Amino acid sequence: MKFAGFLLLLAGWAIALTAIILLRAAVPRNAFLLAGVATECAGVVLFARSHIGWGGEKE
Amino acid sequence: MTAFSVATPSDLAAAFCLLLVFLVPLAAAGLALMNVGLGRGRSAAHTMLAALCIFAVAALAYLVFGSAWQSFPGRPAHSIYLGGKAWNWIAAEPFFMRGLRLDNSPAAVAACLQIFSVGVAALIPLGSAAERWRLRAICISTAVFAAWTYPLFAHWVWGGGWLAQLGTNYGLGHGFLDAGGASSIHAVGGLTALALTWILGPRSGKFHADRVPAAIPGHNAVLVLFGCLLTLIGWLGLNSAGALLFAGVEFNRLAAIAINTFLGAGAAALTTAIITGTRFGKPDASLTANGWVGGLVAGSAACAFVPPAAAIMIGVVAGALIPFSVELLELHMTTDDPGGAIPAHAICGIWGILALGIFGHFPSSLPGSDSGQLLAQLLGVATLLGFVLPMTYGLNWLLNRILPQRAPRDGEQQGMDLCELGADAYPEFVTHTEDFWSR
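Top line first, the protein sequences correspond to chains A and B.
Quick note: the first sequence uses numbering that gives the first Met the number 0, first residue 0, plus one each step.
Quick note: the second sequence uses numbering that gives the first Met the number 0, first residue 0, plus one each step.
To be clear, the hints were calculated from the coordinates, so they are not data collected in a lab.
Quick caveat, the model's predicted, so the values are computed rather than measured.
It cannot be assumed that every hint is accurate.
Unchecked claim - Only pairs whose alpha carbons sit at most 20 Å apart, straight line, appear in this in silico SDA-like list of lysine to any residue: (1) K84/B x A34/A; (2) K1/A x V43/A; (3) K205/B x A47/A.
Put together the whole structure using the sequences plus the hints.
What follows is the structure in structure tokens.
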């Protein structure tokens, strides 16, 4: 789950950047930028959930 | 009798700007006091010493490496070409600031501001990781933060990097704007704090087996609230100097910046006090203090570009975000953040970045047009979440593999003061029975 969250964060950023570079029309560019941010939010949630219950201590 | 040479108008402007820069260490002092007060008495000296070490290590690492990666607009930089446009991604200065004449030039004054503001940013993770983060790990993590993480993003925003050029290259408003460092200082510091809380895990005893959080109150509310007042002075300097040096704002906007900074903090603190008072019967001092800082952080980006009414609105939203995000982090994500750095700096920082795109009115002297500013700000947020968070998590995870960052369990229960320093902050007092019994 942690790895998937990590990948989603990077993928969301890549989608947002690619939208700015490749798309000129306002509507698809804005839509893809928002989709990139939404993907990142999903990544943050997954990343956070993978740490729930982790005590951090190495016995 | 000594004769002074005649000061030119640019010398006077530089001197005034430097006076503003000299206020910035008070922001660090305020944050350090807040971190100490919000922690337990058994780790007070450790937290304060860690704050001093962080400020020193951050300045040294920034001088040696960070300044070479960040630099100032118009200075040498490396660019890559994507889609026919130049993407300025990192500065190309020599190490040790050897390429910079430390005179009254804007680049030299900006370097002075950066030496202090990198320390403020590096202090933010201490609020979240306090009471379980080893001193030596703190120093190494801070060095990496100040040498690489902070300068890289700050170059993109303040050094003429690709985020700042989104307006001229892609017609997105005036490019990514941030006058006072809501993104480059606070969001970067806050996301690093989030990464560290995940890596370190919660303090011993913070969560029961059923994941219900235990209340671990701070040991000194007076330190926390006094720290809030100090942060205001530091922020006045930080926002004013940042707006003059990095956002192309004229001197005649300084009064508006100061008023907006104060109004945002006040509105946020009052909102948090009202919400906590309504929900819990009495206002919560520590959450209200975090609301104050959240208001300062959220107002940083837009302080030079909004009217006072919008600054109040930004503060009200920031103040409302604090108690709910603290609950979200503790109850639903089992994240232990004793200093409240993640809600106050990361979440309110991101809100502040977006608020500039929503409420901002921009002077005609800025390159680009007003349309698309919110998209530029949104891409900045996407970069923070999609690049800075994974990078800072990865770097700290790697450091943790090489040198464990978390204190041993028995040392943590004994208190970081005794465990790492060999002496308590308050040797003549047993300040809390809880402290006494758990030893």
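Holds or violated: K1/A to V43/A, with C-alpha atoms at most 20 Å apart: Measuring from Cα to Cα gives roughly 10 Å; hence the hint holds.
Would you mind confirming whether the straight-line C-alpha gap from K84/B to A34/A stays at or under 20 Å? Measuring from Cα to Cα gives roughly 23 Å; hence the hint is violated.
K205/B and A47/A: Cα distance at most 20 Å? Holds. K205/B to A47/A sits at ~18 Å (cutoff 20 Å).
Going through the hint list in order, the structure does not satisfy hint 1, though it satisfies all others.
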